[in-house]
Amino acid sequence: MTDTERRPGVRGAAATGRAVTDTERRPGVRGAAATGRAVTDAERRPGVRGAAATGRAVTDAERRPGVRGAAATGRAVTDAERRPGVRGAARVGLPLLAVLLVAAAVAGIAVGSTGIAWGTVVRVLASRALPAGWIDLGEISEAEQVIVWLIRTPRVVVAALVGGALAVAGTQMQGLFRNPLAEPSVIGISQGAALGAVVTFVSGLAAAAVFWLPLFAFAGALAALATVYAVATRAGRTPIATLLLAGIALGSLSTAVATLLISLSVVNWQVANEVVFWLMGGLDNRTWTHVWMCLPPVALGAVAARWHTRDLDLLLLGEETAASLGVDVERVRRTMLATAAMLTGAAVAVSGVIGFVGLIVPHMLRLVLGPSHRTLLPAAMLGGALFVIVCDLLARTVHPPTEIRLGIITAACGAPFFLYLLRRQRGGMAAL
Amino acid sequence: MSLRLDRASLRIGNRHLVRDVTVEALPARVTALIGPNGAGKSTALRLMAGLWTPTGGRASLDATDLSGFSRQLLARRISFVPQDTHVDVPFTVRELVTMGRHPHLGRFDDPGPADAAAVAAAMSRADVAHLAGRPVTELSGGERRRAVIARSLATGSNVILLDEPTANLDVDHVIETLTLLRELAEGGATIALALHDLNVVSRWADTVAVLQDGRVRATGPSAEVLDDDLVASVFGVRVERLTAGDGRPALVFHRRRAGTPTNNVTRNWDDSQRGNRRLSPAPTNTSSAGPRSARPTETSS
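Same order as they appear, the protein sequences are chains A and B.
For the record, in the first sequence the residue sitting at position 16 is 16 according to the working numbering, with numbers rising by one throughout.
Offset between the second sequence (1-based) and the working numbering: plus 1000.
So here's chain A without its partners, still in its complex pose (with noise of 0.2 Å):
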């Protein structure tokens, strides 16, 4: 086995064979070690630029979740409280978030240890988009072509994928409970996906073949989800605390059979050691690799979400109500289960668990827009890309040439809303 083999984490873009580089694998320091002059030199020459531009990328990343983002907030409710109904937040709401979610992007592949001009960036990535010769790549270096390509633009497209995901799966989860405090990490479905993660890594079976990995990831979220449902939930209403003891008892029994499993099988140091850092969520070293595992099961995922967005409103009316519309609750109750566990397990197989992603982000969006999943679905998925791709900038920069777990990151935004939710809540989805 080679070093790459042994990384749970890259293990998957082994499979693709020598594609991977040293590079991909630490961005950092040792990357441009590793791949010697080429990368320090590009490290050299936008040396000043560089720093300016990190600088400015995060005040912007920082402004936009805080400051701006709460004035943005605030606005739009007291104008949703002034034209009730007209929803015109929801209309400028989509494209807004699709614009910010491309700047996000662009800004998460060109900053770094090694700053990227945007231009440089822009142009590979077209040059990648558009057939061979269209764009002149003649002054950007091999190195900077690789550092875009094939190590942050997928770091910033699984971001994406995972952010979506759970946001998506978030607000699926808030509507199947009619509970306000579902979320997936905290009602310990993604602890149940990292389980079945787990499994396959301490079989080997991850090694084997990719699809695996998403496979068992899916399966644990959906034994836990299963779980969680038949536990906490009576009469189609879960209350708070069935929701979140059930929720709590499972993540730490799922986090323990994970812990225990690897612990037995400590093949080697390493091993463990990639494991346990992989649990606690983080997108260091991913590979486009990565990004195949996950993107068809949150593609699906996202067409089977739409597939119910009028059911998933239906729903927060109440099942009778719902069935008397039309709804064949059971087989949507099922459908629903399948899909939110199914992004869950993408998400949880290439991140790790990445805790409030879904909780906060459809909150925010719920404020602005309105309760109506029709427009809240999309808008989670997108404003679930952008938050995840932001606060990985965040992990990647705010201590280098540290990274920051990105689960830590979205902890300490997550965590104090969640309470502040729990504070609130007067009962049912009043929050909402």
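Treat the hints as calculated values from the structure; they're not laboratory data.
Incorrect hints may appear among the rest.
As the list claims (entries may be wrong) - For each label pair, taking beta carbons as the anchor points, the in silico distance ranges come out as: (1) B:ALA1120 - A:ALA126: 46 to 52 Å; (2) A:ALA412 - B:ASP1172: 41 to 47 Å; (3) B:GLY1038 - A:ARG334: 43 to 49 Å.
Unchecked claim - A few chain A positions that, by computed beta-carbon distances, are all more than 12 Å from chain B: (4) GLY138; (5) ALA299; (6) LEU317; (7) SER372; (8) ALA411.
Quick caveat: nothing in here was measured; it's all calculated off a predicted structure.
Positions of the beta carbon are idealized from the N, C-alpha and C atoms, including for glycine.
Once you have looked at the hints, place chain B on chain A.
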């Protein structure tokens, strides 16, 4: 369209919620299911709505068994208004009413102009057009009930079933709601209600089915069925029949306690205070506040 239960039963475990119930709701008629709590009126109504499937007997719409309809098709024919119209989510009234178009829309369709027109018509019919942009969570109980009725009209169904449509409503809203239902019936709709308020029933319903312990005790035109003896035996009260200003009967109920001469006391009070019997404050409870409506009003932020 006429909706019929034919010797329908629903058994859960060893308990029959309703047994051998035969009721028919006809077009252009308001049909009421009445009875004390637990008599099975809500159950019977849900069997008629096709929300539950009878374990014995059958439920049919124009002679077609309800189980022969898909959920979607059934939702276009029959709409159901539950007793609890509380909504925790701040959908606007328009959004809520638009949900009535669900059975007409394909999976990936968005509501089109035809749906918007149906929604607008339903909202103005139920007098909630002026509330279209308001979040449902901010409406009063009466407004919310009308919004839900508008949703049921938006489905285009010609059969509307309502469980306790007057529960929790102030009297003016009770009258508004019932007037709307009467008008709908006069327009040809089939209306069926589960009610516990006998005065409402005798005044607003054409046909009555009286349920007790899951069985039908009596059925027929409301004026004939609701005689004092039947009411007395089903509800366990003593009935006093007054005449309202419009010449129609108004019922007052008195406690019937075995071995206590409450009757005499009341009679004396009546005789001394009321020469001619007119609708007036009664010494004991009137029917207007049933135990079912004793539910705290929920508020939400």
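Structure-based check of all given hints:
1. For ALA1120 of chain B and ALA126 of chain A, the Cβ-Cβ distance of about 48 Å falls inside the hinted range of 46 to 52 Å, so the restraint holds.
2. Look at ALA412 of chain A against ASP1172 of chain B: about 53 Å separates their beta carbons, and that is not inside 41 to 47 Å.
3. Between GLY1038 of chain B and ARG334 of chain A, the C-beta spacing of about 33 Å breaks the proposed range 43 to 49 Å.
4. No beta-carbon of chain B comes within 12 Å of the beta-carbon of GLY138 of chain A; the shortest separation is about 46 Å.
5. Distance check for ALA299 of chain A against chain B: the nearest CB is about 15 Å away, which clears 12 Å, and the non-interface claim stands.
6. The beta carbon of LEU317 of chain A sits about 6 Å from the closest Cβ of chain B, which is not more than 12 Å, so the claim that it is off the interface is violated.
7. Separation of SER372 of chain A from chain B is inadequate, the least Cβ-Cβ distance of about 6 Å not exceeding the 12 Å criterion.
8. No Cβ of chain B approaches the Cβ of ALA411 of chain A within 12 Å, the least distance being about 27 Å, so the stated non-interface status holds.
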